[in-house]
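Input sequences plus hints: build the corresponding full structure.
Here is how the chains run, residue by residue.
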Amino acid sequence: MSIKINQDRCVGCKRCIEVCPGNLIKLESGKAAIKRERDCWGCTSCLKECHKQAIEFFLGADVGGKGTVLTFKEEGPIKHWIFTGNDGATKTIEINSLESNKY
Amino acid sequence: MSKNITVEELNTDVLIIGGGTAGCYGAYILGQNGKHKVIIAEKANIKRSGCLAAGVNAINAYITEGRVPQDYVDYCKNDAKGIVREDLLLSISQGLNEVTKKLEDNGLVILKDENGKYVTRGNRNIKINGENIKPILAEMAKNAPNVEVINHINITDLLVAGNRVHGAVGFDVNKEKAYVIKSKAVLMATGGAAGLYRPNNPGFSRHKMWYPPFNTGAGYAMGINSGAEMTTLEMRFIALRCKDTIAPTGTIAQGVKAKQMNGLGEIYETKYGVVTCERVYGTTVENANGRGPCYLKTDEISSEQEEELYKAYLNMAPSQTLKWIEGGQGPKSQNVEIEGTEPYIVGGHTASGYWVDNDRATTVRGLFAAGDVAGGAPQKYVTGALVEGELAAKGILKQLAEEETETIEVNYQQILDSYNKHLNNDASNISIEQIEEAMQKIMDEYAGGIKKNYQYNEAGLVIAKKLINGLFEVFGKLKANDTDELLQIYELRDRLIVCLSVIEHLNARKETRWHSFAENMSHPNEDKDYALYVNSVKTSEGIKIVKRPLVVDDYKPLKFTFNEDNTINYAGGVVH
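Chains A and B, in that order, give the protein sequences.
First residue of the first sequence: 1, per the numbering used here; consecutive thereafter.
First residue of the second sequence: 104, per the numbering used here; consecutive thereafter.
If you are wondering where the hints come from, they were derived from the structure by calculation, not from laboratory data.
No residue lacks a Cβ here, since even glycine has one placed at the ideal position from N, Cα and C.
Wrong hints could be hidden among the right ones.
[Said to hold, decoys possible] Under the rule of at most 30 Å between Cα atoms (straight-line distance), these lysine-lysine pairs were calculated in the DSSO-like manner:
(1) B:K650 <-> B:K631
(2) B:K580 <-> A:K26
(3) A:K4 <-> B:K582
(4) B:K245 <-> A:K14
(5) A:K35 <-> B:K524
[Stated by the list, open to error] Here are the computed distance ranges between Cβ atoms for each label pair:
(6) A:K52 <-> B:Y673: 55 to 61 Å
(7) A:A33 <-> B:K374: 48 to 54 Å
(8) A:T90 <-> B:K650: 57 to 63 Å
Put into structure tokens, the structure is as follows:
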């Protein structure tokens, strides 16, 4: 489980570098890059910080990952969690941050 | 040319080490109530650092309608089989609802019924949207008067002279610069320790653990090195979690009332008892006896419940929802497999940590502790950590009002020398990662890790101690190419120091009171003579065990006293 940074989308704003609780992201040739992908905790703080949806979260094969990626987009109070499979098919779960968990 | 780290000196009234749950709230209270200058020194960035980075599923420590604070104390005492500090727990319980209200006032969404009352989940829990709880807390701290936040500095050592703290030393994780921060009081709020034992997923996903892998026991290590008394480190926390993602199970167990079921389809959860350690123990025994895998039985939930679980997990542990979606089978069509984690040392769930008095003062004068790093009060969770931040802040305010602190120059050159040594070492064939893996393997095999079903014995602990001590010799030769690697070296140092104290504690409690948490196979039964606290202090002769009598329900809140030369005068009774 770790992150991959889409180099085409990244604008090098450093917001993810600033927020990562493990200090695990660096700037390389003007773009964000993860230092050690095995050290990612999977908190997704960087996804939430990125305004360009440049960060893709994935599960390692050792915990059941097969290549699906999770991205994140915020529109007002609505948080969109977008799952994209290997075949390009997507599923989105929307969460209204003004509403509580039911459980 | 040899490297020589640059140094900046800062002065403040209060230094808070760690801007997580307790640290942020402590800063907020200090800012609201005093005129004192406060610095939060944070290893990452307080916006998302610590346990709450991804969010939290519920407020799990709350006094619900019809209940009183003493009920919460009784619950914790029962869960820990009596080894708790009732004075600390009561002071926490009395503040739980007020800190919850403060969070709501600052933007936390809490579910309410048509009468405007909080909707409960179980006896002690209320329902929230906790995804943004950490940014809310960070804003409260940052905007408080007189509070300065310094992100990305890793504090490594306390400045202590004659048992009085005078500040701390650390370095910038992004550039070769050290900070010497002099202060009249220090609040230790670094959190607990993960990564001591080999984790559930030791390969690519080694950091896919429940407790933050970035909580490396720095606060314990700094205290241990400064001679602060620690308590109950042998009461390890082993969480029962969703397999692979190590995501919390409470949302499923409490939310949709899913039962624990073994591989034969039998519900086993009542067979072993239902206190926290017994739930882990039951699962471990079922697996060990060939009746695994174990599950939470979710295959009877509705599609609506499944959708709500997807959302609840995205709000705190997104990898679990990703696993369900990617696997093409959600909890409705497949029971959720569960496993015990590797042991953590975490005072927010068990009673391990600094030995503190009711003001959260430690046995080092001027040093206070709150949250996961403070001992004696298990099940404090998020709101309990907030209350402790508040109580420590008030303890500090009291001290600053009462005492004229003498400014003493404490020599810190040795600390800088240690940074420079690692920055100038020659590269060797032994890496930081190798030593970390060696430490985790030793703890796993000889100090009751996953591989040994959490069991250990005295012969194994002797080996564990010897092997961990052996790692210190190689450790000194590690090379840091920059302060990012220096951070990794110090995180490893902290873990090694904590491991040695944990081993001493495991050995000192010669009974098995808590299955799995402290399963001492040399003494497999509970022993009434061990209805006491096992504490420890590191001295020049090694780690000394101190046994202290329980602070029970007719207690007077414990208050430490110091002699004129700052040595500790009274820190509770002693059992001989």
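Holds or violated: K580 of chain B and K26 of chain A, Cα atoms, limit 30 Å.
OK: K580 of chain B and K26 of chain A at ~26 Å, within 30 Å.
Hey, K4 of chain A versus K582 of chain B, does the alpha-carbon distance stay inside 30 Å?
Holds: K4 of chain A and K582 of chain B sit about 28 Å apart, inside 30 Å.
So the hint says 55 to 61 Å: do the beta-carbon atoms of K52 of chain A and Y673 of chain B match that?
holds, 59 Å
Verify the proposed pairing of K35 of chain A with K524 of chain B, using a straight-line Cα cut of 30 Å.
holds, 24 Å
Between A33 of chain A and K374 of chain B, does the beta-carbon spacing fit 48 to 54 Å?
Taking Cβ atoms as reference, A33 of chain A and K374 of chain B lie about 50 Å apart, which means the hint holds.
Going straight from one Cα to the other, do K245 of chain B and K14 of chain A come out at no more than 30 Å?
holds, 20 Å
Given the proposed pairing of K650 of chain B with K631 of chain B, does the C-alpha separation stay at or below 30 Å?
Roughly 14 Å between the alpha carbons, so the hint for K650 of chain B and K631 of chain B holds.
Hint check for K650 of chain B and T90 of chain A - Cβ pair distance inside 57 to 63 Å
holds, 60 Å
Consistency with the previously given hints is maintained throughout, with no hint failing.
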